[in-house]
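Participant: Here is how the chains run, residue by residue.
Protein chains: 6
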Amino acid sequence: MPYIKIELTKEGVTRQQKQALIKGVTDLMTNVLNKDPQLTHVVIQEVELDDWGFGGEQVSVLREQGITADKK
Amino acid sequence: MPYIKIELTKEGVTRQQKQALIKGVTDLMTNVLNKDPQLTHVVIQEVELDDWGFGGEQVSVLREQGITADKK
Amino acid sequence: MPYIKIELTKEGVTRQQKQALIKGVTDLMTNVLNKDPQLTHVVIQEVELDDWGFGGEQVSVLREQGITADKK
Amino acid sequence: MPYIKIELTKEGVTRQQKQALIKGVTDLMTNVLNKDPQLTHVVIQEVELDDWGFGGEQVSVLREQGITADKK
Amino acid sequence: MPYIKIELTKEGVTRQQKQALIKGVTDLMTNVLNKDPQLTHVVIQEVELDDWGFGGEQVSVLREQGITADKK
Amino acid sequence: MPYIKIELTKEGVTRQQKQALIKGVTDLMTNVLNKDPQLTHVVIQEVELDDWGFGGEQVSVLREQGITADKK
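Protein chains in written order, with the numbering used here: chain A, 9 to 80; chain B, 9 to 80; chain C, 9 to 80; chain D, 9 to 80; chain E, 9 to 80; chain F, 9 to 80.
There may be inaccurate statements among the hints.
The list treats identical chains as interchangeable, and a pair is accepted whether it falls inside one copy or across any two copies.
[What the hints assert, rightly or not] Taking lysine to aspartate or glutamate pairs in the EDC-like style, the calculated list, with each CA pair at most 20 Å apart, reads:
{"no.": "1", "residue 1": "Lys31", "residue 2": "Glu56"}
{"no.": "2", "residue 1": "Lys79", "residue 2": "Asp35"}
{"no.": "3", "residue 1": "Lys18", "residue 2": "Asp44"}
{"no.": "4", "residue 1": "Lys31", "residue 2": "Asp58"}
{"no.": "5", "residue 1": "Lys80", "residue 2": "Glu19"}
{"no.": "6", "residue 1": "Lys13", "residue 2": "Asp35"}
{"no.": "7", "residue 1": "Lys80", "residue 2": "Asp58"}
{"no.": "8", "residue 1": "Lys31", "residue 2": "Glu65"}
{"no.": "9", "residue 1": "Lys80", "residue 2": "Glu54"}
{"no.": "10", "residue 1": "Lys18", "residue 2": "Asp78"}
{"no.": "11", "residue 1": "Lys80", "residue 2": "Glu56"}
{"no.": "12", "residue 1": "Lys80", "residue 2": "Asp35"}
{"no.": "13", "residue 1": "Lys13", "residue 2": "Glu72"}
{"no.": "14", "residue 1": "Lys18", "residue 2": "Glu56"}
{"no.": "15", "residue 1": "Lys18", "residue 2": "Glu54"}
{"no.": "16", "residue 1": "Lys18", "residue 2": "Glu72"}
{"no.": "17", "residue 1": "Lys13", "residue 2": "Asp44"}
Hints listed in this document are in silico derivations from the structure and should not be mistaken for laboratory results.
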């Protein structure tokens with residue numbers, strides 16, 4: 009407790025970025041809810057672009073059209 | 009909103025079939041609940057046959073016995 | 009196989025709409041992948057508006073601002 | 009994309025704490041991965057203490073024994 | 009590690025049965041994989057009968073027809 | 009009904025161990041809740057060590073430090 013699942017499209021997330029996500033989420037649980045990091049589990053799940061649908065379309069197709077998930 | 013996870017055994021689902029699943033589920037959310045496709049996310053998760061259990065048995069073993077998940 | 013989870017904000021989805029979602033998703037698995045309906049499980053999970061975040065904000069707050077998830 | 013599920017034991021998490029969790033996780037996705045907040049969904053799932061098991065025991069029983077999930 | 013989610017229809021599962029499920033799953037992780045119980049989390053999620061679909065139908069309807077999930 | 013997801017770190021779980029997990033969990037549902045094995049689905053999800061965080065750290069780093077998930 010707590011358990012956090014992060015689902016992301018598989019687009020080159022680096023090991024350092026994964027470390028930052030894990031540390032950031034764990035710290036957030038401590039800072040907001042005072043949860044013990046030794047009880048906090050985080051799982052990152054990368055999803056192939058063919059397997060994520062948005063707006064009725066595969067993300068792989070959206071990417072072929074130049075549409076990204078980056079902050080505007 | 010909404011977010012739909014489709015978990016399937018990994019048995020040769022094609023890119024076109026995945027597109028049909030994503031479009032079909034997204035359209036269903038719109039037709040039944042009037043949800044905006046731009047807010048609808050669909051994730052397909054393919055599971056290895058060794059990793060799916062049914063009736064206490066691995067699906068890989070069931071397939072070796074000729075048992076499929078096809079509509080009768 | 010397959011197993012489908014539909015996560016929705018808790019905003020008055022009726023029993024009939026749930027039946028339509030379950031039937032629609034199950035039929036989709038059969039039509040696209042020829043899956044046996046007797047092996048297809050669908051779970052609907054309604055989420056309180058305070059518990060769903062989008063764009064860094066709680067959906068309950070977005071609704072207070074008149075922002076809906078309806079198709080434009 | 010991304011989609012983040014936060015599962016927590018149901019122990020009085022306030023609306024403000026949920027807002028802080030949603031904002032914190034969404035900001036983390038932007039800061040680490042440059043993800044657009046308008047594509048980032050966060051779902052908080054509170055779990056009854058009888059329904060969360062840790063160390064082979066129900067958390068409700070652990071709490072009766074004075075064992076908490078707080079940071080030491 | 010590991011994290012186990014048990015999803016069940018909401019049909020009167022007692023506190024003792026939940027304890028048995030949690031203990032049984034945790035022991036299984038230790039016996040089969042030698043996992044430390046202090047690292048094993050189990051979450052039980054009860055689903056309303058209207059919200060679980062099987063064979064294209066709501067389980068609530070199946071129950072009204074006398075169809076149960078009991079072992080034959 | 010029921011549907012059980014077992015998430016594990018990807019550390020050489022053998023086919024036989026997966027069979028034992030599937031059989032053990034399915035039997036548990038029958039013994040405790042009298043559930044029909046033909047309605048019980050189990051999915052095992054193995055997670056890369058870089059993708060599982062515990063105590064704010066990646067499990068891959070913990071393993072490099074000689075820290076395991078084995079029962080003490």
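Participant: With identical chains treated as interchangeable, where does the CA-CA distance between Lys31 and Asp58 reach 20 Å or less: within a copy, between copies, both, or neither?
Facilitator: For Lys31 and Asp58, the Cα distance is within 20 Å only across copies (12 Å; inside one copy 29 Å).
Participant: For the identical chains here, do Lys18 and Glu56 meet the 20 Å Cα criterion within one copy, between copies, both, or neither?
Facilitator: both (5 Å within a copy, 14 Å between copies)
Participant: If the cutoff is 20 Å on CA atoms, where do Lys80 and Glu19 land: within, between, both or neither? Let me know, please.
Facilitator: Answer is within; shortest intra-copy Cα gap is 17 Å, inter-copy 30 Å.
Participant: Within a copy, between copies, both or neither: which one fits Lys18 and Glu54 at a CA-CA cutoff of 20 Å?
Facilitator: both (5 Å within a copy, 15 Å between copies)
Participant: With 20 Å as the alpha-carbon cut-off, assign the pair Lys80 and Glu56 to within, between, both or neither.
Facilitator: neither (23 Å within a copy, 29 Å between copies)
Participant: Could you figure out if Lys31 and Glu65 sit no more than 20 Å apart (CA to CA) within one copy, between two copies, both or neither?
Facilitator: between (33 Å within a copy, 6 Å between copies)
Participant: How would you classify Lys18 and Glu72 at a CA-CA limit of 20 Å: within, between, both, or neither?
Facilitator: within (15 Å within a copy, 25 Å between copies)
Participant: Is it within, between, both or neither when you check Lys18 against Asp78 at 20 Å Cα-Cα?
Facilitator: Close inside one copy (14 Å), not across copies (29 Å); limit 20 Å.
Participant: Is the C-alpha distance from Lys13 to Glu72 at most 20 Å within one copy, between copies, in both cases, or in neither?
Facilitator: neither (28 Å within a copy, 23 Å between copies)
Participant: With identical chains, the pair Lys18 and Asp44 could be close in the same copy or across copies; at 20 Å between alpha carbons, which is it: within, between, both, or neither?
Facilitator: Only across copies: Lys18 and Asp44 sit 16 Å apart there, 30 Å inside one copy, limit 20 Å.
Participant: Is it within, between, both, or neither for Lys31 and Glu56, if the alpha carbons may be no more than 20 Å apart?
Facilitator: between (24 Å within a copy, 17 Å between copies)
Participant: Given a CA cutoff of 20 Å, do Lys13 and Asp35 count as a within-copy pair, a between-copy pair, both, or neither?
Facilitator: both (15 Å within a copy, 16 Å between copies)
In summary, the structure is inconsistent with hints 7, 9, 11 and 13 from the numbered list given earlier, while agreeing with the others.
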